[in-house]
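A.B. asks: So you can see what is in the structure, the chains are spelled out below.
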Amino acid sequence: MKTFIKSIFLFALSAVFMVSCAPSEKKGSKSNKGALAGNAAEKVYVAPGELDSHYAFISGGFSGQLAVYGLPSGRLFRVIPVFSQDPEKGYGYSEETKPMLMTSHGFVPWGDSHHPDISQTEGSVDGRWIFINENNTPRIARISLKTFETEEIIEIPNSAGNHSSSFVTENSEYVVAGTRFSVPFPQRDMSIKDMKGNFSGALSFLKIDPESGEMNIAFQIKMPGFNYDLSHPGRGKSHGWFFFSTYNTEEANSLLENNASRNDKDFIAAINWKKIEEYVANGGGKKVPANYAHNTWDDNSHTATSVMKKEVLVVEPKDVPGAIFFLPTAKSPHGCDVDPTGEYIIGNGKLAAAMTVHSFTKLQKAIADKAFDGDAYGIPIIKFEAVNYGSVEPGAGLGPLHTEFDTRGNAYTTFFISSEVVKWNVKDLKVLDRHKVYYSVGHLMIPGGNSRTPDDKYLVAMNKITKDRYLPTGPEVCQSAQLFDISGEKMELLLDFPTIGEPHYAAGISADKIMGKDGKKTTKIYKLDENTHPYAVKSEAETKVVRKGNEVHISMSMIRSHFSPDNIEGVKVGDKVFFHVTNLEQDYDVPHGISMIGANTSELLIMPGRTTTFTWEPKQIGVWPFYCTDFCSALHQEMQGYIRVSPKGSDIPISFTLDGDIPGAEEE
Amino acid sequence: MKSKQFILILLSLSLFIACKNDQKATTETNTETETKTEVATATKTDGQGQSGVAQGDGEDANVLQVAMTYKDKEGNMPFSTLVAAVKAAGVEDALVNAGPLTVFAPVNSAFAKIQDTVDELLKPENKEALANVLIHHVAPSNFPIKKLKKEAKKGRKLYMASGKSVTVENKDGKIFVGGTEILMSVKVSNGWIHVVGDVLVPTDK
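Just so you know, the sequences run in chain order A and B. Going by our numbering, the first sequence opens with residue 1, and the numbers climb by one from there. Going by our numbering, the second sequence opens with residue 1, and the numbers climb by one from there.
Derived by calculation from the structure, the hints in this document are not laboratory data. Misleading hints may appear alongside valid ones.
Some residues of chain A that are not near chain B, with every Cβ distance over 10 Å (derived) [claimed, not checked]:
1. Ser53
2. Ser73
3. Val288
4. Lys524
5. His562
6. Asn567
7. Asp587
8. Glu617
9. Val623
Capping the alpha-carbon separation at 25 Å, the derived lysine-lysine pairs in PhoX-like fashion look like this [said to hold, decoys possible]:
10. Lys527(A) to Lys187(B)
11. Lys286(A) to Lys207(A)
12. Lys538(A) to Lys147(B)
13. Lys467(A) to Lys430(A)
Some chain B residues well away from chain A (every beta-carbon gap over 12 Å; in silico) [to be verified]:
14. Gly58
15. Lys73
16. Thr81
17. Glu92
18. Asp116
19. Asp119
20. Gly197
Don't be surprised by glycine CBs; every beta carbon is placed ideally from N, CA and C.
Bound conformation, chain B alone (with noise of 0.2 Å):
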């Protein structure tokens, strides 16, 4: 009961702390930024997984990290769909581990146009197509923009931890995945985060 509370307490602050930073991480198209996003420290797991692992003073966030944190220029949460969805996946620690992974991460709109889709997989009993749906916006090794338009052009997919590839294409600079734009880019410890407009939705293409 007690670690509950102080897990609840750590929330807090960090989400608290982490309103410091939102400046720190611009929302242009297809821009790179590096954000430190600091979050409160404990020194232990309190019975999680690595998930459980705080954040240090002057390391990097990792995705998880990140995407419970961050906030748009208007103070909104835009993951919190994406971080809901993930702890009913129970995938929390896939996204705290060594990596590398590059996180194609939809923003909470994303989810919202597909709504029926979404509250059927938050059932209990769908928990594993959920996390197969979440897993297929992760691919394993680092993946920045760089890296992404250089795919592009060699023509390569992605391949995802799905076990599925999603395409890559550059539309005049632009960069799609899965069919859907890039719209910012943000480096974290463990590797990548892509935010993007729609839920990839794995096909057997």
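This is chain A alone, in the form it adopts within the complex (with noise of 0.2 Å):
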């Protein structure tokens, strides 16, 4: 029997080799030999102490978060929270942080994070902030590459399922939002069945502030009601144009499986968003009541702050002629690309063997000689010919999602019902080289890829099922990423590595941009002496413990190896207690921890020169111990304290100690 079963793995094996016999490349079933024969593990070897030299952003996808990963090694820094509480970092569960989770739904803990993209200056990345969009609750969130912490979120009004964003403008004038589920704009109670022509799909253009890259929405463009998949912006020549990709044009409510394939073409909108920034400045659009949140973190309070904006500028597509134009796009299309030159808009028709390319050029003059084909709710619609550069038949390639960018004239593209990337040249659109990803890959990102100026060396493919590459782990197993060399003629599969949720996108920038040449542009610790937080406490002499009614307020230090105070009697049942926790450090690399039994919260992670607050309620008398959850010290094992709880009644005062002492107390 086992002689059997062996023979059919021989059959299937030879099989394979048979089938995947790729031009040019030995390859032995999956366990790629062909990695050893070369140099594939000397290419992504980073020695020990050794730094990798670029950082990638990948998207946590419905873990809410963002990854920091180093290329080549694939090894994982940091999982940056952002629309997810995060229980290890106390995010969304500190009093300081609930309020960068707020919504005009109310306080929501998770959220399902799709396209980080970093700031530009000149079409280039520059390292200064990256942005990344949730669908579920239309929300962009902006973080900070000095701190790697989330600064800013913002929901977005009149709209449901961000998926078109969050993508930047090559100066990061501007950061754009788009509805995949378009609904009754303003929402109102009405039949689903009515909803041809009484829904809509906004567009929202949220203005970059340049200096603390604070977001704003600036207007929202009221579009039919398809759906708005994925988009980019022009760049060099076309900088001033967005595209967002449309499927479901056929506007079916039920069953879109089905209903939203049955047009040969949907649409690319191409938005000129000058000529309507133009017309918002002089007075142009309509102020209309809307209701979302606003949350800012400050580093220096080190306090998020939650409010709702009211109100929300609108633009009528009709009111603005000239500015909006329908590309007709082959056949419901996902990934909307612009190459770095801002000439090709590239369609990636899911449902279609061949992507759509589009001519910059040839979009002017069609506008200018009128070259149209009817309209679409008022809209203009280009006739293909007049627009279309081109498509590329890539032969077996099956359903394109995404594509990038080399600096060589060349695009990356997935395919993700063949699982594989294909590299074509963008202007004679021939096919140069296949290679197969394992397995259904959605994203990929070149570093630098939304930009003029791609980085030529590395392709990282986002792989939506694993299966059998990775040890087993139950029924739920890993999405991954495989990292390419792209730097010759063929590209090199080098290595894979898990990712975390699911890897929509992400964004790749080399390392230097970030830490600087010096090492220095990352934050290292908070600078105690600019905490303003109102509970912040600079020494062990302002420690101290307050009672306010039944609330009991803590300004409590910890500093290597030990919290001060460190006793603290007169709290009972039925109080609310606050910690609110300084880390007195200003030396690099040295956080503390502090949790406390019977708290129905996460612990709290204080980084130096931090003030932090989290809420006990104390149910049971007794005496309850708090700790320090980081092994900060030698003596962290020592660094911890008691709270005495007595009955609802009590009369024992508040007290607090160090040692026996008040904390500060002059000993003579």
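Build the complex: two chains, separate frames, hints provided.
C.D. replies: This is the structure in structure tokens:
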């Protein structure tokens, strides 16, 4: 029996060999013997103590977070909490971070993060901020690349499923949001079957403050009720335009699997945002009531603030003639990508075998010539032939999704159904190379991919399905990234590494742009003397415990290797105890943690110089310990304290000590 | 080779920069002085242990960084013998770790008082014995002067990293450890340095 199975296996293997004999590449099933025969291992080996050359920020998808990896090693450095609570870091649990997750629907502990994009200056990624959109409760977050923390989250009103986001223009003028699920605009109680013609899809342009990075919705374009899937900005010659792919131009409200695929072509919406910006600057658009959260983080007070905004400026396409056009594109296009020169706009029709390549030059001429093929809800449809540069017929490729570029005139497109990356020349539309990926690739990323200056060295393919690629972990297995070297004529697969959640897109950048050449650009500590948190303490002498009714506020400090105070009495059942804890360290990489038995929340992990708060509502009398949760120092295990909890109505006064004395008391 | 040169450059840079700050640290008896000794930053550890990690902007210096760069009013480096001994014993990394540590740092003249013993200990074959003497100057945990006064009052001994203990006495407000007076104190990122005029020799008492 065993031999029988073996022979079947051998037979299957030889079949694999026969099927997969790609030109010029010797491949043994999926074990990548080619990698050993060549120098792939050497290319990804970052010796102990050495640093990676690039950062890769890989979307955490349904984890709601953003993961930071090094390339070429594929080592995971940090998971930045963005849209989901993270008990490891206290994000969304501490009193200071809770406002970051406020929305018009109240506190939402989870999000579906999608497409990270790095800020740009003059068409190149500049490493200042990274933006990422949330699909479920439409939002965009901005993360500082100095602190690697989420600094801002803004909700997008009149919108649902913010998918075609959060891409940035070439001088970080705007970051955009789009509506994947068209909805009534404004929301109202109506029958679903009346959708057609009555829903809208808002495309939002958020102005980015060039100094602080703060986002504000400059205007929302009230587009027809299609599904707006992905988008990319024009660049170079097409700077000032933005391109959004659409599907379900059928406006089906049920079983979209079939009903949204009836049209042979959907559209890419081409938006001349400079024209609309001018229209708005001249008083155009209409302010309409709205309700959306704008949450900002302050590094001095170490506290987030959530403000509900009540108004948004809405622009009707018909009011800005000459600003918006539809470009017919085959078929239910997903990715909508613009090459580094800004000339070619590529629509990846996920249900077509071909990629549609439009020309920006032809688009300008078609507009001038009014080469229109009717309109959709008053928006001119450009004649396909008048704007189309050509199509890529990739042969066996099926299900193109996303395209990125190098600086040598090549494009790289992922094919979900046929599980491969195809390299092709943008000008002559010829396929140059193809490489299998394992399996069902979604996005791909070339560092600086959404810019005029991509990096020509690496490509990361992000796969939805891994099946047998890693040790099995029960029914749920990881999704993954695969690193390719694209510096040569042929793509070379170098490395597999697992990702967190679902790796929807990623953004990459050379490490020195974030670290600085001297390694000094990122934040190492928060300066204690700049801490403006109302409960911050700058020394142990300032630590104290104050009762305000049934609230007890502990202004506590932590330093190697003790808390001050560490003995507290006078707390009663029914009190609400606030631990406002300041890490007094001013030394890199010396965080302390704190947790209290019975606290219905996460630990806090507090960086040097920062003050953070958690609450504890003791329900049982007794003497209860708290302790440092991060192995901070040689005497970490000694870093602990006690709180005495007395019955409700007890008359024991508040007292607090450190080693028997009031903290900071002079001992003569 | 390159990295060695780099370290040398770094070192000399750090000495140069440190000159600016020597006014900050006073030599008054029993004065706790906060010092922020700036040391040039590098991003690499150059194959050393943690002692190769450079100090960053705005960060406080650790025990070793202070000992290596501190200058007195006359511009002398009072801990050069101590630093040389630390390097000879190979215990640099122990002085830069997270701690917390309290280091009783003998000045050069303290070593000079027992020059013969020092010469003997500096021989390569006595590396372990030297290390043992040096770690007898290190108490795990933070012991600022205030805390030492409390220890003296309560008649507690200080447990040292050598596994032995030393006495703490308060004589008219002057603090003595192991029988020698603390001349000045410096807060550092990973604990405290108390300067002393004698080498503490481990005894079985």
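A.B. asks: So, for every hint listed, does it hold in this structure?
C.D. replies: Hint-by-hint comparison with the structure:
Annotated as non-interface, Ser53(A) keeps its C-beta farther than 10 Å from every C-beta of chain B; the closest such distance is 13 Å. No Cβ of chain B approaches the Cβ of Ser73(A) within 10 Å, the least distance being about 16 Å, so the stated non-interface status holds. No Cβ of chain B approaches the Cβ of Val288(A) within 10 Å, the least distance being about 47 Å, so the stated non-interface status holds. Distance to chain B contradicts Lys524(A) as a non-interface residue, since its nearest Cβ pair spans about 5 Å, not more than 10 Å.
In this structure His562(A) is not separated from chain B by more than 10 Å, as the shortest Cβ-Cβ distance comes to only about 8 Å. At roughly 16 Å from the closest C-beta of chain B, the C-beta of Asn567(A) stays outside 10 Å, upholding its exclusion from the interface. Not every beta carbon of chain B lies more than 10 Å from that of Asp587(A), the smallest distance being close to 4 Å; the non-interface claim is violated. Distance check on Glu617(A): its Cβ is at least 33 Å (rounded) from any Cβ of chain B, clearing the 10 Å threshold; non-interface status holds.
Against chain B, the non-interface label of Val623(A) holds: every CB pair exceeds 10 Å, the least being about 24 Å. Restraint check for Lys527(A) and Lys187(B): the C-alpha separation of about 17 Å stays at or below 25 Å, so the hint holds. For the suggested pair Lys286(A) and Lys207(A), the alpha carbons sit about 17 Å apart, so the restraint of at most 25 Å is met. The straight-line distance between the Cα atoms of Lys538(A) and Lys147(B) is roughly 19 Å, inside the 25 Å bound, and the hint therefore holds.
Between the alpha carbons of Lys467(A) and Lys430(A) the distance comes to roughly 32 Å, so the proposed pair goes past 25 Å and is violated. For Gly58(B), the shortest C-beta to C-beta distance to chain A comes to about 6 Å, within the 12 Å cut-off, and the non-interface label is violated. In this structure Lys73(B) is separated from chain A by more than 12 Å, as the shortest Cβ-Cβ distance comes to about 26 Å. Once the 12 Å rule is applied to beta carbons, Thr81(B) is consistent with being away from chain A; the minimum gap is 26 Å.
In this structure Glu92(B) is separated from chain A by more than 12 Å, as the shortest Cβ-Cβ distance comes to about 16 Å. Separation of Asp116(B) from chain A is adequate, the least Cβ-Cβ distance of about 34 Å exceeding the 12 Å criterion. The non-interface label for Asp119(B) is consistent with chain A: the shortest C-beta to C-beta separation is roughly 32 Å, beyond 12 Å. Listed as a non-interface residue, Gly197(B) keeps its Cβ farther than 12 Å from every Cβ of chain A; the least gap is roughly 24 Å.
Consistency with the previously given hints fails for numbers 4, 5, 7, 13, 14, ordered from lowest to highest.
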